[in-house]
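**Student:** Chain by chain, the residues:
Protein chains: 2
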Amino acid sequence: MSEIPQSKKTRASARRRRGRFRERKQIKAPAYIKRQIPYYEFLGEEGINKLEDQADWIIQEIGLEFRDDPRALEIWKAAGADVKGTRVRLDRGMARELCKTAPAEFTQHSRNPERSVRIGGNAQVFAPVYGPPFIRDIKQGRRYGSYQDFENLVKIVSQLPSLHHSGLVIVEPCDLPVSKRHLDMVYAHMKFCDKPHLGAITEKSRAQDSVDMARILHGEAFMEENCVIMGNVNTNSPLLVDRVVTEAAQVYCGANQGLIVAPFILGGAMGPVTTAASIAQAFAEAMMVGAFTQLIRPGAPFVMGNFLSSMSLRTGAPTFGMPEPVISNLIIGQLARRLGVPLRCGGSLTASKLPDAQAAYESADSMMSTVLGGANFILHAAGWLEGGLCTSYEKLVMDADRLGAYQVMLAGLALDDNAMARDAYAEVEPGGHFLGCAHTMANYETAYYDALLSDSNNVEQWEESGSKDTAQRAYERWNQLLKDYEAPPLDQSKDEALKEYVAKRKNEIPDAWY
Amino acid sequence: MSEIPQSKKTRASARRRRGRFRERKQIKAPAYIKRQIPYYEFLGEEGINKLEDQADWIIQEIGLEFRDDPRALEIWKAAGADVKGTRVRLDRGMARELCKTAPAEFTQHSRNPERSVRIGGNAQVFAPVYGPPFIRDIKQGRRYGSYQDFENLVKIVSQLPSLHHSGLVIVEPCDLPVSKRHLDMVYAHMKFCDKPHLGAITEKSRAQDSVDMARILHGEAFMEENCVIMGNVNTNSPLLVDRVVTEAAQVYCGANQGLIVAPFILGGAMGPVTTAASIAQAFAEAMMVGAFTQLIRPGAPFVMGNFLSSMSLRTGAPTFGMPEPVISNLIIGQLARRLGVPLRCGGSLTASKLPDAQAAYESADSMMSTVLGGANFILHAAGWLEGGLCTSYEKLVMDADRLGAYQVMLAGLALDDNAMARDAYAEVEPGGHFLGCAHTMANYETAYYDALLSDSNNVEQWEESGSKDTAQRAYERWNQLLKDYEAPPLDQSKDEALKEYVAKRKNEIPDAWY
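Top line first, the protein sequences correspond to chains U and L.
Just so you know, the first sequence maps onto residues 1210 to 1723 in the working numbering.
Just so you know, the second sequence maps onto residues 1210 to 1723 in the working numbering.
A few of these clues could be false.
[Unchecked claim] Distance ranges between label pairs, derived from CB positions: (1) L/Ala-1635 x U/Asn-1688: 30 to 38 Å; (2) U/Arg-1547 x L/Pro-1239: 27 to 35 Å; (3) L/Glu-1255 x U/Phe-1431: 49 to 57 Å; (4) L/Glu-1270 x U/Glu-1654: 22 to 30 Å; (5) L/Gln-1245 x U/Glu-1429: 32 to 40 Å.
[Stated by the list, open to error] Quick list of in silico lysine-lysine cross-link-like pairs, DSSO-like style, CA-CA up to 27 Å: (6) L/Lys-1364 x L/Lys-1677; (7) L/Lys-1413 x L/Lys-1389; (8) U/Lys-1348 x L/Lys-1389; (9) L/Lys-1677 x L/Lys-1348; (10) U/Lys-1259 x L/Lys-1243; (11) U/Lys-1677 x L/Lys-1677; (12) L/Lys-1413 x U/Lys-1348; (13) U/Lys-1243 x L/Lys-1413.
[Claimed, not checked] Examples of chain L residues lying across from chain U (beta carbon under 10 Å, computed): (14) Arg-1244; (15) Ile-1246; (16) Glu-1274; (17) Val-1292; (18) Gly-1330; (19) Met-1576; (20) Asn-1666.
Because the hints were derived from the structure by calculation, they are not lab data.
Cβ atoms here follow ideal geometry from the backbone N, Cα and C, with glycine treated the same way.
Starting from the given sequences, assemble the full structure and let the hints guide the process.
**Tutor:** Next up, the structure:
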């Protein structure tokens, strides 16, 4: 009575053919994804209008606080904003109008031109987790991240074909002084990986160091015309923008580099507990800072971010991969396209402490919504655990394996004559099988996504190879990647200049651990 | 530099408020889902036309084999089909025309009217895994399913609010004779659960037993006008329909009951290795059997199913949760809506041997596609492991927990004044927090989906409660559900009559183990 796919016929035939199936050719991964499928438009016109109206209302009636940066207030005043103390209000439509000079899409150049990515339009770019102070692997357990972990992670990310961007703080190198670790992190991304990456933002001088190091790597003239580095900042929701944000905007956008602005809103804490209101607030905050970036330098690359989280109503703790943030990602995609700016969403999010089933369920649903919603830059796409407090070596490679599946989905469906396979029906009779037919042999190498960490063997084969779960297989994979790592070539004079810059700055900056 | 959602402010505030957050009220689960969100239309008009044309071409030029059932061939001949030997071809459009008498939606009545479900239209119904001969739990490991396991599973399913239907073969009770176990299974569903369920199909007499038992439970007159039971059959792809299907159609549709027809196509084996061709073939096969059901009895409930699986190109084994079947589910939804019949898709599918991360990633992506694609009856929505060979106690409750999240998503987004929360901004200043405000207190009980098996505690709390992974928490939950089980009331005279029927039939049928 069972509905079992592995019929005897299929299994036997598969075994017979297996010998003929050569090892798949290594397919060169594209630098980023060019989306070929429709957006999933969750809300209709009326709903979107309502959210836009609410965002306009927030900006005009409530306004945003811009604190600790008098220069930011001057910039707003000069632009004609209604500034009372540190509260900034804009007339309805002004923020949207200012955002019009932000590019709808742009290229973030990498030191390897083949790895440069488009941000915006139909491009989608996946980047690893950002920010956790802790690291976990299944053998050593959970501990503070170290520089060695950080370098390991950069080297692993550099080899994962479905990560297009290396982000920045894949884990905090907690054994380095807070005041200096940005130098080591930026250098490691430049040295050990040739994908594009982010720069530091926690203090103006650290943002400036990042931009200065990028000038060494890419050349000053090139950078004046092109984006090679971006900063990623969070507003201090609700409706508060601090100096970290406005100074980062001045450093990055001032140098014609990119700024990603992501309000982080835990619904019921940093925003109302209802999802619609949180979405509108996030949109208002991001649009307002987007407008500010364009006052700094019209045309500077700006990426509208959002980070909406739900809450456990039993404990007040943030939850991830739940339907409310999933819906938010879809709707924010609609709002960003209407505003005409690129969108950042995250990612493979979870509250789980382990790379287990909870982590995977929550990550998959969260990630799928960024894919369907058309997010252009997806931070935290791999490696995130424990609500962002912990990076997992295993989950980094596990998530990345699933990202490859989304990449295939985003390529859309072939509908040409080969895809329709009419000739195959002349060769294969009803009740027969297609395993040996010419059409199968001509197409099998590229027909299906090959998930490296998914075990599709039968239970006997799986037991023979040690009854390993996904995390155990992932442990083997990341260790193998570390063993196989080869540094991408870097011009020696640039490397020397970067090292010199780092040494000089470390000499100038006192150690600080906070 | 980290982007950590659990800011100290939030955590402390959450702790302060926690005392005031009362235990959530038990919310009565609806009998089925009324979808409020748009379908995700993966293909445009041109692509859908192409697939419909291919299906028409298959039916007209290649045709389907109807074997081992001369009566089926007579029915086709009488309808004007081109029948040569056992090959049946229909003129372009004829199958579609015949399907027009099938209801676009119908009710499958349960013995508890509050549990009756709609099949079709904007209704979505989740049912558990169907068919595995093996069972696994994390303590006892993997073994053949027994009747005790089967009864346990029915009792667990009866209590899971996001399973609307109890299916049939949640696991094969392998300790009962093959010739008789259908009687025990159908009786157990009728006795221990008051959700709607399926009947047996493996032999005509077993289908007849199922319908006869339903007559005892629901009354002959009621059944003549209403659907109370359905059979679920697979075509023998490619393009072969055997007696199991045509006889089940005669028994179920002949009695005005429902038939679900799901071609199972492992691409590259039972269909071409290209996804577009497999979709068109599945559609052709299901539409052809749908047409046949309407020749048996116009107006009989027919559900178009599909089961498309990809293949590991390294080993030839079936794979699940991969992008190609995800795409297929979305497109089949479009085809079914154009044909105007309800759609069955599965479900929380995976090739994993354990309820681990692979199982969850694959299940989530697979399940999400049925949700977005609008499948009306989703079999295998919970409990499936190992390519359908094994039921997992833990995964049954784990998947069901995630089904609740999809249910919330399908309800859409509130955009009324309460959802927009403008008053909250009068109470909460920029930089403040919403934890204590009136709007939060009025809405927190229903604001977010509460996933029982997701642990969102911080790592210290999680370690204090034993550092359990998802599967361990799931083990505790299903054991608790078994302990808490209470049988739904069943009219004693009907129960006696059912028992009598089962005893009589067991007496008549010889034991057989194949």
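**Student:** Failing hints, ascending?
**Tutor:** Violated: hints 1, 3, 5, 8, 12, 13, 14, 17 and 18.
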